[in-house]
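**Student:** Sequence:
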Amino acid sequence: MIITEKENYTILADEEDGVKSFASFLDFIIPKAHSDKNLVIDLLKYEKLNLEELLYFLSISNQQRAAQKSFVIVNKGVHIDGVPEEIMVVPTLGEAKDVIELEEIQRDLGF
0 MIITEKENYT
10 ILADEEDGVK
20 SFASFLDFII
30 PKAHSDKNLV
40 IDLLKYEKLN
50 LEELLYFLSI
60 SNQQRAAQKS
70 FVIVNKGVHI
80 DGVPEEIMVV
90 PTLGEAKDVI
100 ELEEIQRDLG
110 F
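Position 57 (the sequence shown) corresponds to 56 in numbering that gives the first Met the number 0; numbering is contiguous.
Keep in mind that the hints are not guaranteed to be accurate.
Distance condition first, Cα-Cα at most 30 angstroms in a straight line; then the derived DSSO-like pairs of lysine-lysine [unchecked claim]: (1) Lys96 - Lys68; (2) Lys19 - Lys5; (3) Lys96 - Lys44; (4) Lys31 - Lys68; (5) Lys68 - Lys47; (6) Lys19 - Lys68; (7) Lys44 - Lys31; (8) Lys19 - Lys96; (9) Lys44 - Lys75; (10) Lys75 - Lys96; (11) Lys96 - Lys47; (12) Lys68 - Lys44; (13) Lys75 - Lys5; (14) Lys75 - Lys36; (15) Lys47 - Lys75; (16) Lys36 - Lys68; (17) Lys5 - Lys31; (18) Lys68 - Lys5; (19) Lys31 - Lys96; (20) Lys47 - Lys19; (21) Lys47 - Lys5; (22) Lys19 - Lys44; (23) Lys19 - Lys36; (24) Lys36 - Lys47; (25) Lys75 - Lys19; (26) Lys31 - Lys75; (27) Lys31 - Lys19; (28) Lys5 - Lys96; (29) Lys36 - Lys5; (30) Lys36 - Lys96; (31) Lys5 - Lys44.
Derived from the structure by calculation, the hints contain no laboratory data.
This structure is a prediction, so every number in the text was calculated from the model and none was measured.
Starting from the given sequences, assemble the full structure and let the hints guide the process.
**Tutor:** Next comes the structure, spelled out in structure tokens:
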């Protein structure tokens, strides 16, 4: 896993080649090492990601949001219209940063 620390979030990227195994690894490692951080999951290398593969990240997304932390997946391949509300997917890292900043403001205001 490639970890990139930013000011108010951390980017986690897969250096192997398997969406399901990466999601399983995140389920294991995030509660131990990253649960207190806003997270961006970089899946840009998976150009043909489908909804079923995206749903592997649903449980960890729900855990992060329950802990009042952002969880944003970056991928251009998945069709946004079919994505459940519990998972935030954006096409670029810049948009992921914007989403985290907006969610931080919303949490500060009590929403």
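**Student:** Enumerate the violated hints, using their earlier numbering and listing them in ascending order.
**Tutor:** No numbers; nothing is violated.
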